[in-house]
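Protein chains: 2
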Amino acid sequence: MEVVRVLHMNGGVGESSYALNSLVQKKVLSMTKPITEAAITQLIMCSSSMAKTFCMAELGCSSGPNTLFVAMEFVKIVSQLCRKHGHDQLPEFQIHLNDLPGNDFNSIFKSLAHSFHAQLLQEMGAAGVGGSAPYCFLSGVPGSFYGRLFAAKSLHFVHSSYSLMWLSKVPERLEMNKENIYIASTSPASVINAYYEQFQRDFSTFLRCRSEEVVGGGKMVLTLLGRKSDSASSKECCYIWELLTLSLKEMVSQGLIEEEKLSSFNIPQYTPSLSEVKTEVEKEGSFSINSLEASEIRWAACGTSGFYAPEYSKKGDDGYNVAKCMRSVAEPLLVEQFGELVIDKLFENYRNILSDRMSKEDTKFINVTVSMTRKE
Amino acid sequence: MEVVRVLHMNGGVGESSYALNSLVQKKVLSMTKPITEAAITQLIMCSSSMAKTFCMAELGCSSGPNTLFVAMEFVKIVSQLCRKHGHDQLPEFQIHLNDLPGNDFNSIFKSLAHSFHAQLLQEMGAAGVGGSAPYCFLSGVPGSFYGRLFAAKSLHFVHSSYSLMWLSKVPERLEMNKENIYIASTSPASVINAYYEQFQRDFSTFLRCRSEEVVGGGKMVLTLLGRKSDSASSKECCYIWELLTLSLKEMVSQGLIEEEKLSSFNIPQYTPSLSEVKTEVEKEGSFSINSLEASEIRWAACGTSGFYAPEYSKKGDDGYNVAKCMRSVAEPLLVEQFGELVIDKLFENYRNILSDRMSKEDTKFINVTVSMTRKE
Chain A
27 MEVVRVLHMN GGVGESSYAL NSLVQKKVLS MTKPITEAAI TQLIMCSSSM AKTFCMAELG
87 CSSGPNTLFV AMEFVKIVSQ LCRKHGHDQL PEFQIHLNDL PGNDFNSIFK SLAHSFHAQL
147 LQEMGAAGVG GSAPYCFLSG VPGSFYGRLF AAKSLHFVHS SYSLMWLSKV PERLEMNKEN
207 IYIASTSPAS VINAYYEQFQ RDFSTFLRCR SEEVVGGGKM VLTLLGRKSD SASSKECCYI
267 WELLTLSLKE MVSQGLIEEE KLSSFNIPQY TPSLSEVKTE VEKEGSFSIN SLEASEIRWA
327 ACGTSGFYAP EYSKKGDDGY NVAKCMRSVA EPLLVEQFGE LVIDKLFENY RNILSDRMSK
387 EDTKFINVTV SMTRKE
Chain B
27 MEVVRVLHMN GGVGESSYAL NSLVQKKVLS MTKPITEAAI TQLIMCSSSM AKTFCMAELG
87 CSSGPNTLFV AMEFVKIVSQ LCRKHGHDQL PEFQIHLNDL PGNDFNSIFK SLAHSFHAQL
147 LQEMGAAGVG GSAPYCFLSG VPGSFYGRLF AAKSLHFVHS SYSLMWLSKV PERLEMNKEN
207 IYIASTSPAS VINAYYEQFQ RDFSTFLRCR SEEVVGGGKM VLTLLGRKSD SASSKECCYI
267 WELLTLSLKE MVSQGLIEEE KLSSFNIPQY TPSLSEVKTE VEKEGSFSIN SLEASEIRWA
327 ACGTSGFYAP EYSKKGDDGY NVAKCMRSVA EPLLVEQFGE LVIDKLFENY RNILSDRMSK
387 EDTKFINVTV SMTRKE
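Protein chains in written order, with my numbering: chain A, 27 to 402; chain B, 27 to 402.
Misleading hints may appear alongside valid ones.
[Said to hold, decoys possible] Straight line, CA to CA, 30 Å or less: simulated DSSO-like cross-link-like pairs of lysine-lysine: (1) 136/A to 287/B; (2) 275/A to 371/A; (3) 110/B to 195/A; (4) 179/A to 179/B; (5) 179/A to 110/B; (6) 401/A to 78/B.
[Claimed, not checked] One-sided and incomplete, this derived list gives chain B residues near chain A with beta-carbon spacing under 8 Å: (7) 128; (8) 168; (9) 175; (10) 178.
It is worth saying that the hints were derived from the structure and are not from the lab.
The C-beta atom is built at its ideal place from N, Cα and C for all residues, glycine as well.
Working from the sequences, and respecting the hints, build out all of it.
The structure is reproduced here in structure tokens:
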């Protein structure tokens, strides 16, 4: 599977779109906001001179209400600090929105970009930054963040949330993973190693590329799906995929999916521990870690009564909401392997399995957030 | 009509897409290539020091084979000159692709960006620039070029072809233009003035915005649809729209279009003379003109036997090709005013009118190309 081509969140604003089913990702952005704010504040306070243009990149921006969430914070905080320090003129802002080429950039450009500028003007007044909003230049940057995306020393702040657990490719040597689609409690050590080694290669490549693009003293805040446990097969990171596997197996037993298709399918993702993230950052050596912490958010946070579109959210049906969230994320990968026809049924099964388990267990996603500074 | 929202070339790669019907625009790019090359060469030769990142913007890039045509020239020429002058390391390139938010950026990102990098690698070898292609960072920048789009002093080279004749809005006070949809031989002086004044406002705004974004010594090459004549109602620039008016009138007489809809419709375009362009550049004052010239290209150049997709091009049927070209450009504007249902019939009529006239007359588009340098 060619991940760069296939992987992307569901576009548009329809029922299965990521835009309408990314509430849990939004909540994680709110949870990690203090870390982001601290990084941005430190960026400005430690700068010896004020840049004329501040440049940030949102990596894995997708398309929807989360796309410009941190960009808005960035512009507000920097502007407030500039005013506070008596700068007459606000700096200009360059906001790069990056995702893989299959991302729905048209949707961002047609509606989000417009509403961003309107909201900015409103927020700048409310935040006491004066009536005028600064120039904010938005651009869409298609491509994999496992390669260079921006000019050398051009970025002041890099942000990414719920993107970097995606690998550049499905690891090799996963034959032994049989009917699992991700690391599972039954996965042999060789499979876990194959996944971990791919993560190490990808994450160090990511750090090396960003080290060329971020200015000395620049900041980077990354949140990944991860785990607290040392064990990569821990339930806290694998369970969500194990339950999808159950749904796929049900389809196999009904003859709707070929067994061979299931055994050759593996999700290009890795959910690292805090220490695995720390090890790679220290090994690459260009960034120093300011903070590294885990947080958790309940699967049920995928729902909570129609935050974006009441008509699509069935209050109280947690399985429904989690299934929709996972569909908006994984549908393109699943369609590539199993075809479009099985998708509705697959997620109907998945929803039932999720509802059952969530009513009996306390199910959570673990987030790993690392805040770093580019060494001078 | 809200031009920023409505105006865009037809997206995708279907039969009516701009991508498949922009052969005449491609030929104009080839015709003006020596001017572009001279500007890029001069940019490098006159620089006191070599930039580490060269940044260019293609304004009104649309989506199709022309989108990255000049960007490719830019990267090749600059790289060749760097090698020639013994620079070990090639600079990095930042290519901004700008168009209005309705442009099909997804198509650019999904296929063109990929093929650009592949072609670049090939061309760099062929052009004797050594085997390795330099880093080229592509970004999509949505928005009107009648406002700021890029950070201050961030651009080395700006290019635009067949875009700047589009105005930011339909001029006011066009009530007297009745059933004409553009300046026509029957348009009163007040209508011509209204159009000209809108052009003056827009073009000077454009120059002021770019003057902030282009570095001292930076270059700008613009090609617009225009005219050689002093008269704005000259047939050389108005005839193409007058014939579309005939088709619209035919639809009115058949009861397919309301007369009121026709009389309230005017195309947001102005086709300036050389001296009108010169006047605005000198008035604004930030740029000095290196060259200013008119060229012409026959309407028949819209076709010439299926350059891109043989199956869609009917050899020898010039009216067919011109109608398709005009449809790929003007369809969104016409749909907004007259609805989707009339479009097929409208362009069928138009094609017949065009075929008839083109068989009897020597019909041409006039291009105005101006090459400028940002004063230091």
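Against the structure, the hints:
no., hint, in the structure
1, 136/A to 287/B, "holds (27 Å)"
2, 275/A to 371/A, "holds (12 Å)"
3, 110/B to 195/A, "violated (39 Å)"
4, 179/A to 179/B, "holds (16 Å)"
5, 179/A to 110/B, "holds (26 Å)"
6, 401/A to 78/B, "holds (21 Å)"
7, 128, "holds (7 Å)"
8, 168, "holds (4 Å)"
9, 175, "holds (6 Å)"
10, 178, "holds (6 Å)"
Checked against the numbered hints above, the structure violates only hint 3.
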